[in-house]
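Student: Listed in order, the protein sequences are those of chains A and B. For the record, in the first sequence the residue sitting at position 42 is 42 according to the working numbering, with numbers rising by one throughout. For the record, in the second sequence the residue sitting at position 261 is 261 according to the working numbering, with numbers rising by one throughout.
It should be emphasised that the hints constitute simulated quantities derived from the structure, not laboratory data. Treat the hints with care, as some may be off.
Since the list gives no way to pick out one identical chain from another, each pair is judged satisfied if it fits inside one copy or across any two copies.
Claimed, not checked - Only pairs whose alpha carbons sit at most 27 Å apart, straight line, appear in this in silico BS3-like list of lysine-lysine: (1) K275 to K142; (2) K305 to K328; (3) K114 to K208; (4) K85 to K147; (5) K328 to K85; (6) K170 to K275; (7) K85 to K336; (8) K303 to K208.
Number of protein chains: 2
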Amino acid sequence: MPSNQQIHLDSRPQGEAQVGNFKLVHSETPALQDGQVLVQHHYLSLDPYMRGRMNDGKSYAAPQPLGAVMQGGTAGQVAQSRHPKFAVGDTVVGMGGWQEYSVVDANQAGALRKVSTAQVPLSHYLGAVGMPGVTAWYGLVKICAPKPGETVVVTAASGAVGSAVGALAKARGCRVVGIAGGADKCAYAVNELGFDACLDYKEHSEPKALSAALKAAAPNGVDCYFENVGGWILDVVLGRMNPFGRVAVCGMIAGYDGAPLPLANPSIILISRLKIEGFIVSEHMEVWPEALTELGGLIGSGKFKPRETVAQGLAAAPEAFLGLLKGKNFGKQVVKLIP
Amino acid sequence: MPSNQQIHLDSRPQGEAQVGNFKLVHSETPALQDGQVLVQHHYLSLDPYMRGRMNDGKSYAAPQPLGAVMQGGTAGQVAQSRHPKFAVGDTVVGMGGWQEYSVVDANQAGALRKVSTAQVPLSHYLGAVGMPGVTAWYGLVKICAPKPGETVVVTAASGAVGSAVGALAKARGCRVVGIAGGADKCAYAVNELGFDACLDYKEHSEPKALSAALKAAAPNGVDCYFENVGGWILDVVLGRMNPFGRVAVCGMIAGYDGAPLPLANPSIILISRLKIEGFIVSEHMEVWPEALTELGGLIGSGKFKPRETVAQGLAAAPEAFLGLLKGKNFGKQVVKLIP
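Looking at chain A on its own, in the form it has when it is part of the complex (with noise of 0.2 Å):
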C-alpha cells in the first residue's frame, strides 16, 4: 500500500488560527478489506465552514477532533478496489479529509460518488458543481426566493459559493450586487461572472460610506441577501433591504476568529418586516440533483465561469485555508495533492 501524508489538528486555536493549529504526519494507508476502495485524492476542498469545526463549542456539527486527520471534501481517483461499482481509475468525490489517500467503506450511502469529467472539471465538483454550488442554490432559490426583477445582494460575492449565488441569481433575472474585498475581486464579479455591480467593501471601509455605495448600486433596495461574512456589513445591508425582505445565513466568516460580532440594530428585522434564516447544506440532499444539473448547465452554457485558487501539495493545505479565511483566495480554494 502506498505511504500516505496527512494533516492533523494538533491544537485548538485561541482567537485566530495558526499554521501551528496543524501538524503534518506520516502514515501508511492499511490493506483493504471487502468493499472498500483506496481513494487517491487529487484536489482537497478548503472551506470556511471548517475553521468552526476547530473550536470546541457548541455548533451544528460535533468538532473536529484532535490529532485526527483534518475532515474535509475530496476529488480523486481510484487507485485500488474491493468493491464491485468502483474500478481503478474511476474518477470520484467523496470526504477524505487532508491527506493524499484515504480507504473509503464504499458500500455506506454517500461516502463514495462517481463523477464524469467529460464537461467539467474534476476539481470543479468540490465548487461549482459541488458543496459550495449546492449550498447558493439552496439558500437563494429555497430561502430567498427571488423573483425577476428582485435585486439581490450576497457578500463574498468572488467566493466559490458567492459567485455561484450571482450566476444563479444572473438567470432568474435579477439585479445583483455584489460585495467583495478588492478591486481585483469586483472587476472580476463584474466582467466575468456578470454581475450588474460589486462594492469593494476596502474601499468603502466604514459602514455609511458602503451604505450610500449600496444605496447608488441598488437603487429600488435590497429584497434578498445572501449572507456569507456577517458583522458590519450585515447590518449595512439590512439597513437597506426592502419590506418583507429574505436574508439566507450561509456563513458568518468575520466573526469565526473571534468574539461574536453583535448585530447592531436587530429592530430592523420587524421594522422591515425580514425573513432571516440559518442553514446548512448537508441538511437539505434533497435539492443536490436539481441544484447540480442547473449548475452544470449554466457552466456548460458559459453563462458561469467559475474560478479556482490552486495550492500544490498537502502541506500547502494549512497556509491556504489561514488565507481563505482572510479571503486571500479568489474564487474556489483548492489544494492540488498530485503534480
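Since the structure of chain A is already known, use the hints to place chain B on it.
Tutor: Just chain B, lined up with the frame of chain A:
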C-alpha cells in the same frame, strides 16, 4: 354636536417619551355628512407600537403627525348616524384615536366594525379578540407553527399579546414558558393563564442567570420564540433554541426609547439554523376571521382569561401609555372614557 377632548402629539421624544410630548386639546365635533357616523368612544387602546410612530425615523408606518390626534384603536357606541348600516346605540370598533368622539366615514372599508357584546365585553375587542389577539395568532400559528409537544417561549407573557400567545400555544399541546417582569405577573401567567412556567427577568436579572432558569424551565430546549421585548433577553432565548427553531418578531419594546439594542451573537442564527421573521398584523388581514374565531372560542370556554388594566378618563392616557412602555400594566392596557 358634543364637545370633544383630544390628545395630540405635541413634540417628538428625545430618548424616553414624556408626558410633555402630549397635549390635551378641546374641540367641537363637526356636523355629520352623508355616510358619516359619530362614535362615542368607551375605550381607547394603548399599544406599544404607538411609541415607534412617535418618532420621525424610518419605520413600517408613517410617523404620527405632530399637532394631530394620536392615532389608535377605539371601541364605543354610535351616537349619531347618517349611514344606513349603523344605528344609534350600535357597539363598534375602529381607529378613532385618543379622543372622546370621532367622526367616521363608514363607507371606507374597515373603518368601522359592528361587534356584539353578548359573549365578550366591549373592551376585549381592543385586546384578546382584537389586534393584540390576532397578533398573537399570526406570529404563533403562521411563523412559529409549533407542533404538539414543542416548547414555546413568549416575552411580555402577561401582556395583551403574550397572554394570547400562551393560550393559543397551550391549545396546540405545547409546553409554554413565559418571561415577564415581576413575581405577580408570573404568578398570573402560571395560575390563571395556564403557562407551564414563567421566569421573572427582574429576579434573574442578568443573562447567565436567566439562561440557567430557562434551561430548567425548558429542559428540551426552545422550539418557538414569540418576541415582544428584544435586548439581552433575545440573546438569552436564542442561545437556548433547538435546531430549526422559529422566532416571530412582534415587538422589541426594550429598545423603543433609546439607542438600538444590539444582538450580541447573530451567528447563532447559522449555528442553530433558526428562522427569524418580523411581522405586522395589519398586513395580514386575511387571518383575522380565523384568528378571532379561535380566540373567541378559547375565551368562551374559559380556557383563556384575559385581564385588563384600565385607566380612567382621556387625560390619564399619556401616563398610562408611558406606564405600558415600562411594563407597569397587567394584561391589556385600555383607557375608559365613560364614567
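Student: Look at each hint and say if it fits the structure.
Tutor: Consistency of the hints with the structure:
1. K275 to K142: Answer is both: 12 Å inside a copy and 13 Å across each meet the 27 Å cutoff.
2. K305 to K328: Within one copy only: 19 Å inside a chain, 61 Å across chains, cut-off 27 Å.
3. K114 to K208: This pair counts as neither: shortest intra-copy Cα distance 49 Å, inter-copy 50 Å.
4. K85 to K147: Neither: 43 Å inside a chain and 43 Å across chains, both beyond 27 Å.
5. K328 to K85: neither (40 Å within a copy, 71 Å between copies)
6. K170 to K275: Answer is both: 22 Å inside a copy and 26 Å across each meet the 27 Å cutoff.
7. K85 to K336: within (26 Å within a copy, 79 Å between copies)
8. K303 to K208: neither (34 Å within a copy, 51 Å between copies)
Checked against the numbered hints above, the structure violates hints 3, 4, 5 and 8; every other hint is satisfied.
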